[in-house]
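Visitor: Order-wise, the sequence lines are chains A and B.
Quick note: the first sequence uses this note's numbering, first residue -19, plus one each step.
Quick note: the second sequence uses this note's numbering, first residue -19, plus one each step.
Hints should not be assumed to be uniformly reliable.
[Claimed, not checked] Which bits of chain A does chain B cover? Going by a derived footprint, with three or more residues having C-beta under 8 angstroms, they are:
(1) 121 to 131
(2) 136 to 142
(3) 156 to 162
(4) 207 to 215
(5) 235 to 244
[Unchecked claim] Facing chain B, from chain A, some residues (calculated, C-beta under 10 angstroms):
(6) D59
(7) L112
(8) F182
(9) G230
[Unchecked claim] Below, a list of computed lysine-lysine pairs in the DSBU-like style, where the Cα atoms sit at most 30 angstroms apart:
(10) B:K64 with A:K113
(11) A:K113 with B:K113
(12) A:K242 with B:K113
(13) B:K72 with A:K267
(14) A:K263 with A:K64
(15) B:K(-17) with B:K64
(16) A:K113 with B:K267
(17) B:K267 with A:K72
(18) A:K113 with B:K242
(19) A:K267 with B:K64
(20) A:K263 with A:K276
(21) B:K85 with A:K242
(22) B:K64 with A:K242
(23) B:K72 with A:K64
(24) B:K110 with B:K(-17)
(25) B:K(-17) with A:K64
Quick caveat, the hints were computed from the structure, so don't treat them as lab data.
Beta carbons: idealized from backbone N, C-alpha and C, even for Gly.
Number of protein chains: 2
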Amino acid sequence: MDKLYAIGVDMGGTNTVIGLVDRRGNIPVRSAVGTVDYSTGESYVAALGNAINELITQNNFAGKVTGIGMGVPNGNMNDGTVEKAANIPWAKSTVVPLAAMISEKTGLPCKLTNDANAAALGEMTYGAAKGLKDFIVITLGTGLGSGIVAGGQLIVGHDGFAGELGHTRTVRHNGRLCGCGRTGCLETYASATGVARTAREFLELYPERETLLRNITARPITSKNVYEAARSGDAMAVEIFEFTGRILGGALADFIAFSSPKAIILFGGLAHAGNFLLDPLRKAMAKNVLSIYEGKTEITVSRLNDAEAAVLGASALAWEA
Amino acid sequence: MDKLYAIGVDMGGTNTVIGLVDRRGNIPVRSAVGTVDYSTGESYVAALGNAINELITQNNFAGKVTGIGMGVPNGNMNDGTVEKAANIPWAKSTVVPLAAMISEKTGLPCKLTNDANAAALGEMTYGAAKGLKDFIVITLGTGLGSGIVAGGQLIVGHDGFAGELGHTRTVRHNGRLCGCGRTGCLETYASATGVARTAREFLELYPERETLLRNITARPITSKNVYEAARSGDAMAVEIFEFTGRILGGALADFIAFSSPKAIILFGGLAHAGNFLLDPLRKAMAKNVLSIYEGKTEITVSRLNDAEAAVLGASALAWEA
């Protein structure tokens, strides 16, 4: 029988969402289990494995599923483990061989990788990177994640942890303090958190300037506040996105010198800031890129539905498995 | 009959060296033609093709050669062309389909790539990267070149021009003017030229400091002068290498976040500065690398013979062809 479906599992900080995905990226059935309701990897795997098995049998998909792909925080594609996942009690201080455990529980091949790599595979299978062999996906959420595909192959590195472009210091070496303990990391500027941080800095730096951002009473200010102010024509909010776009565009120019991608695909909440972010970003990239790459790399925004993208990305890994 | 040999062609700015290479990296016979003695690609190819054919027939290697690999300035591995090679009259202002022309002339498959990529393949086939699937070769010559291998595959990018790490500005965005027209490129610091430039800057910055470098009458000062002064215990010369190592080490920390290589292999004249360069480089890399990569990436110096490495690297491409 043809394998018509793949299981995509998006392990989030609270819930783990399971979707049965067809080759076109439709998700006819879904299910979920809690991620942090378990104290051991074994009990989490028991619950997740049961949910997957039920999803398959209750919908008469037995024998039609090619395998399971998972997007997992700190997931290591090389060996299928999750380790040092700070927010997950059962994987905080131990290495859990999650892919092998799920595979044993379900009888299906299982592969996993981190969220940004899953996003890159999702774009290649169902999204903006269809048909592309060289591209980079940048996820702009709380932090900045990245999935790099070169020659049609996801770059995972010797240890499975390649692609941490949010922690390069390509533009400001001595810059903002990052959660990783170093300074100047790209994600301290180019992320939802980074935009909010820039807003707070600008408000302090320019106490005399009028801006809608000063009227926001709920603190801390969020990137959404900045976006809404920019849409209302607020000059400072527009400048905050310009500042962000300039830094990200300068960094992308360096990333291009590494893998010469045909496209860089932006994904996640901040990507929806549209031209407030994209115009200065494209300008900075064009200004900073080495001449042999000039005009060759397209900047696009993901076309995948935000709510479905994580499950789709994870399922893309199963087609590869 | 088994294909026991590959032809490696190193196209330099003056001479093109041809070597017949066995699987262990021995070069039993060699030949050469001029690179710039020809006004058209056709006449260069006629001479080079003849030299290759003679090398094979005169030594009774007909039927034993698997193919030809070439290391070519501005060589494009994707389509086998050379274009905009500033120092080569017949390829200065035109795109020459060199690989196809040589293949037609010799009846052997021919692939080409740029020098740094050839160096990376050479290290993988014969050198320090044997058995490695994820590594970066950094060539430290007049400029800084790079060849990146990820998952066992050379990263060439959508256009064949990936891996210009000498033109990233990872450490100093507003720095020295580079030959590419931008500022702060890594190679303006970390290269033989960069070291010489640092020496000139230091001499001007610290006119009161005593240093052997002030006694050198032949100008401009070279990186070799600085190395010799450092070996004689000259404090300023040692500091010049420390400065260079700090910048290169900081940049390597960012490159690791891209492809998480198992090793970074330094090649070329400046790599022989040994611990004058390597100690500060390793220190800066350790200080700047993201914690998940800490202590995982080895810095080594190429073990290939400088005089042979370019031909070996080029021949490695032929085994792949």
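Visitor: All hints are to be evaluated individually against the structure, with a verdict given for each.
Guide: For each hint, the structure was consulted:
no. : hint                 : verdict
1   : 121 to 131           : holds (count 3)
2   : 136 to 142           : holds (count 7)
3   : 156 to 162           : holds (count 3)
4   : 207 to 215           : violated (count 0)
5   : 235 to 244           : holds (count 7)
6   : D59                  : 14 angstroms, violated
7   : L112                 : 8 angstroms, holds
8   : F182                 : 21 angstroms, violated
9   : G230                 : 7 angstroms, holds
10  : B:K64 with A:K113    : 25 angstroms, holds
11  : A:K113 with B:K113   : 19 angstroms, holds
12  : A:K242 with B:K113   : 24 angstroms, holds
13  : B:K72 with A:K267    : 25 angstroms, holds
14  : A:K263 with A:K64    : 38 angstroms, violated
15  : B:K(-17) with B:K64  : 34 angstroms, violated
16  : A:K113 with B:K267   : 34 angstroms, violated
17  : B:K267 with A:K72    : 25 angstroms, holds
18  : A:K113 with B:K242   : 24 angstroms, holds
19  : A:K267 with B:K64    : 21 angstroms, holds
20  : A:K263 with A:K276   : 14 angstroms, holds
21  : B:K85 with A:K242    : 33 angstroms, violated
22  : B:K64 with A:K242    : 21 angstroms, holds
23  : B:K72 with A:K64     : 53 angstroms, violated
24  : B:K110 with B:K(-17) : 21 angstroms, holds
25  : B:K(-17) with A:K64  : 49 angstroms, violated
Of the hints listed earlier, those the structure fails to meet are numbers 4, 6, 8, 14, 15, 16, 21, 23, 25, in rising order.
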